[in-house]
Amino acid sequence: MKLDPKIPAGPLAEKWTNHKENMALVSPNNKRKFTILVVGTGLAGASAAASLAELGYNVHTFSILDSARRAHSIAAQGGINAAKNYQNDGDSVYRLFYDTIKGGDYRSREANVYRLAEVSNAIIDQAVAQGVPFGREYGGLLDNRSFGGAQVSRTFYSRGQTGQQLLLGAYQAMMKEVHSGKIKDHQRQEMLDLVLVDGVARGIITRDLVSGEIQKWYGDAVVLCTGGYGNVFYLSTNAKNCNVTAAWRCHKRGAAFANPCFVQIHPTCIPVSGDYQSKLTLMSESLRNDGRVWVPRKKGDKRSPNDIPEEERYYFLEERYPSFGNLVPRDVASRNAKLVTDEGLGVGETGLAVYLDFRDAIKRDGESVIRAKYGNLFDMYLNITDENPYELPMKIFPAVHYTMGGLWVDYNLMSNVPGLFVAGEANFSDHGANRLGASALMQGLSDGYFIIPYTVGDYLAGAKLPKVDTEHEAFSEAAEASKGQLDKLLAVKGKKTIIEFHRELGKILWDKVGITRSKEGLEEAIDEIRALRDQFWKDVRVPGDANYYNKYLEFANRLADYFELAELMALDAIDREESCGSHLRDEFQTEEGEAIRNDKEFAFVSAWEYLGVNGKLETKLHKESLIFEFVEMKQRSYK
Amino acid sequence: MSEMTIHLKIWRQKTNKDAGHFEDYTLPDVNEHMSFLEMLDVLNENLMKEGKDPVEFDHDCREGICGSCNMVINGRAHGPKLKTAACQLHMRTYNDGDTIVIEPPRAAAFPIIKDLVVDRSAFDRIIQAGGYVSVKTGAAPEANLIPVEQDTSNDSFDYATCIGCGACVAACPNSSASLFTGAKLSHLNRLPQGNPERAKRTVAMVQQMEEEGFGDCSNYAECEAVCPVGISISAIAEMRREYVKALF
Ligand SMILES: Cc1cc2nc3c(=O)[nH]c(=O)nc-3n(C[C@H](O)[C@H](O)[C@H](O)COP(=O)(O)OP(=O)(O)OC[C@H]3O[C@@H](n4cnc5c(N)ncnc54)[C@H](O)[C@@H]3O)c2cc1C
Ligand code: FES
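Heads up: the protein sequence lines correspond to chains A and B, in order. Each residue of the first sequence is one higher than the one before, counting from 1 in this note's numbering. Each residue of the second sequence is one higher than the one before, counting from 1 in this note's numbering.
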């Protein structure tokens with residue numbers, strides 16, 4: 001396997017411009033001869049599909065849900081970053097780049113992250129022109145809020161529904177191209193395999209989720225925008241249909257999987273309430289602008305939080321990190337919440353929660369100001385927990401939220417499989433070991449609107465693509481394999497349900513591949529994952545059959561992939577003998593629990609090659625060295 | 001924490017071609033903190049253990065934002081709670097021994113796929129007809145060159161929060177999609193960005209809505225009452241005004 005990141009030469013600030021100027025172009029007449037398959041229609045997929053179609057390519061789009069407007073991106077709450085410097089507070093492209101590299105704990109590529117910061121402003125322009133109703137000031141100009149890991153205010157927002165509004169913008173742009181005939185949209189179609197002809201991505205296999213029919217699609221390039229794999233933990237803030245299947249099947253066909261152990265655990269989510277829990281709800285990071293995080297100083301203090309006097313409250317983030325306070329990055333906030341609950345200071349029935357308190361903000365600004373900023377989040381909290389956050393502090397706890405890892409891509413967002421591009425959360429590209437808040441929306445839209453349309457064109461202009469169609473044997477082989485796996489799942493006819501297996505897998509990961517990890521725990525996790533995987537294939541009960549709408553068959557098929565991915569995550573976490581960003585190894589931390597990074601030995605991207613599963617996952621590690629030419633790697637400090 | 005016994009009557013229909021019917025189920029240990037969909041998850045776990053087909057229903061975000069869920073609960077789209085999608089409903093709303101009837105939203109334009117799952121692609125086609133601003137990627141001017149009055153922006157946002165679930169159609173005696181269509185028009189038409197295509201957009205979307213087989217609006221206002229995000233029926237009045245203006 002060859003991993004060439006293809007980073008253009010030249011000064012950081014000129015790389016992307018120079019690269020674009022040197023790209024080969026496809027003439028307008030030739031564009032219509034190319035077919036591009038865009039899989040997944042969240043922010044990354046919808047924006048890529050619309051932009052490619054506008055250029056004149058024939059685009060097919062695929063997604064699991066019944067409309068592109070429902071993709072998981074819709075749930076993003078807090079906002080999207082851009083380096084506009086509208087607040088005149090010293091922001092710049094360089095500062096956004098620097099914060100993102102630092103936030104990611106120096107485990108991402110400089111060139112990619114710089115480009116992300118560079119195109120961020122164009123995203124805001126595009127969204128505003130589409131009619132995305134961002135929050136505005138009295139004068140009618142755009143407003144900003146602050147997010148973690150930054151000391152400037154650069155986050156654009158639409159109340160607590162920023163993802164919804166941005167996705168609707170991209171979805172509408174996509175619908176415009178469906179109307180023009182350039183996009184053929186196939187919803188309720190799940191990608192089950194990638195088809196390679198002579199080592200080049202030339203098509204995909206899907207299952208029509210309504211009829212159950214297995215279908216074959218050819219294309220000149222495949223753009224995978226299928227999102228993250230947080231649901232491997234079963235409980236996460238991700239939507240129920242988020243999954244790793246498309247990415248994993250590409251991995252099995254040769255695409256390297258990068259940094260699988262980098263999983264973001266978000267500090268502010270509503271805690272688990274019972275064993276029927278099906279997902280966790282995020283309370284946006286923006287709440288940490290005004291909410292203060294604390295626990296009682298005394299263990300087992302059962303008083304109502306409002307009766308606990310100021311001096312008996314432990315504002316642990318403010319005390320430990322005076323300069324960033326409650327706005328430390330997510331990994332730091334989550335780890336500290338775990339530390340205080342491990343010490344027995346947690347609150348609530350389970351002791352697995354900390355307070356997020358708005359008392360002082362309400363006193364300072366008045367309830368109406370707080371309501372205007374966060375009203376819908378407060379309502380959501382009240383609705384779920386039956387407690388009023390205007391009167392009592394919220395109870396929050398960390399939950400799995402986002403995956404920085406994903407398919408390996410080069411600077412052009414192409415995987416090591418020629419013709420397979422990967423965008424959005426599905427790739428590993430920009431966030432290193434930890435993503436800053438409001439940067440996923442930025443990355444998804446940057447990839448989709450402003451990078452993929454260029455780099456796919458450059459690829460098509462230069463690629464030698466012999467004519468193939470779905471009659472080619474590679475298509476029937478892949479289709480048979482997809483069908484075979486579904487039949488195999490249905491044939492087990494065991495006793496344990498899919499959800500029971502998934503919960504167990506999730507618990508192993510949460511306990512041993514979660515907020516903190518140790519060699520010993522990871523090794524146990526691997527044994528447990530293997531044993532459970534064996535049991536899954538012997539004892540799972542999948543209802544119904546494959547010839548009609550069958551959601552649990554979809555879930556079972558995705559769980560089969562999670563069982564393999566889980567092992568890779570643990571292997572990756574064992575291999576990385578350092579702590580960085582979201583990855584905290586017990587063995588590599590200071591006495592105060594701060595991460596110790598090892599830049600000498602671990603300043604690389606782990607890219608794993610799939611070799612097979614035979615009781616255990618056979619895999620091979622490749623390393624892409626991270627070379628820092630423009631920033632100095634420093635120990636992150638938010639003190 | 002109290003546990004309740006809940007009786008369920010659920011619409012079962014294997015495919016679009018099969019006839020459907022209600023089936024009865026009883027769940028003996030429903031926890032009040034469960035969400036409504038978690039209650040259905042538990043039912044499905046039980047059914048699968050008995051070797052039966054689980055109940056299919058659309059869901060994804062379970063946070064009231066994606067618009068996937070849209071079941072009709074005791075005759076009301078999304079159930080009894082005001083401005084609350086079915087996925088945000090909690091079992092504490094119900095009492096021990098209650099019977100809950102669950103069925104798909106019924107409308108000619110939303111054919112049933114299986115059990116509670118329906119085909120809502122008609123909504124996508126209404127948007128395709130004109131629910132956008134025609135701005136190509138890269139053609140946008142600097143964002144702050146388009147100032148928008150704060151009130152206008154806020155109003156626009158209120159209409160833009162429609163989640164496209166289809167509850168409005170399910171609740172309407174005429175199965176009209178006027179609230180859905182009106183909300184998109186009210187979002188875009190009042191913004192300076194949306195102004196150039198205003199007339200064209202209005203006519204195209206209204207015509208598509210009719211073509212899809214949705215009924216007319218006779219001002220029952222049931223749609224507004226069930227809307228999980230509280231889209232105001234003023235969207236429909238605006239749509240009518242804009243439509244008349246666009247035609248003449
Ligand atoms: C609750 C929540 C709040 C968030 N808030 C913020 C925020 O404020 N700011 C921020 O920057 N980020 C936020 N994020 C993160 C951000 O929303 C996501 O990272 C981002 O939206 C991912 O976009 P995407 O396009 O890559 O993937 P997604 O939106 O997940 O889309 C994936 C698409 O792929 C399809 N798909 C998946 N598998 C297949 C398959 N096998 N075949 C066919 N189709 C498939 C799906 O149907 C869907 O269309 C938040 C995340 C969560 C969970
Ligand atoms: S599941 Fe998303 S709105 Fe109910």
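The reader is advised that the hints may include incorrect statements.
Claimed, not checked - With a straight-line cut-off of 25 Å between C-alpha atoms, the simulated SDA-like cross-links for lysine to any residue are:
hint, chain 1, residue 1, chain 2, residue 2
1, B, K17, A, L3
2, A, K252, A, L3
3, A, K496, B, G51
Stated by the list, open to error - Listed below are several chain A residues computed to face chain B (Cβ distance under 10 Å; list not exhaustive):
hint, residue
4, D66
5, L282
6, F450
7, R541
As the list claims (entries may be wrong) - Partial chain B-side listing against chain A, Cβ under 7 Å, derived:
hint, residue
8, N95
9, N144
10, F157
Hints in this document: simulated from the structure, not taken from any laboratory. Think of the CB as a built atom: it goes at the ideal place given N, C-alpha and C, for glycine as much as any other residue.
Verification of the supplied hints:
Taking the CA atoms of B/K17 and A/L3, the gap is near 51 Å; set against the 25 Å cutoff, the hint is violated. For the hint linking A/K252 to A/L3, the alpha-carbon distance of about 17 Å falls within 25 Å, and the restraint holds. Of the supplied pair hints, the one linking A/K496 and B/G51 holds, its CA atoms being roughly 11 Å apart against a limit of 25 Å. For the restraint placing A/D66 at the interface with chain B, the shortest Cβ-Cβ distance is roughly 6 Å, inside the 10 Å limit, so the hint holds.
With a cut of 10 Å, the hint placing A/L282 at the interface with chain B holds, because the nearest CB-to-CB distance is about 8 Å. At its closest, the beta carbon of A/F450 sits 7 Å from a beta carbon of chain B; the interface hint therefore holds under the 10 Å criterion. Because the beta carbon of A/R541 sits about 6 Å from the nearest beta carbon in chain B, less than 10 Å, this interface hint is met. The closest approach between the C-beta of B/N95 and any C-beta of chain A is roughly 16 Å, which is over the 7 Å cut-off, so the hint fails.
Evaluation of the B/N144 hint against chain A yields a held restraint, the C-beta minimum of about 5 Å falling below 7 Å. Checking B/F157 against chain A: minimum C-beta separation of about 4 Å stays under 7 Å; hint holds.
When each numbered hint is compared with the structure, violations occur for hints 1, 8.
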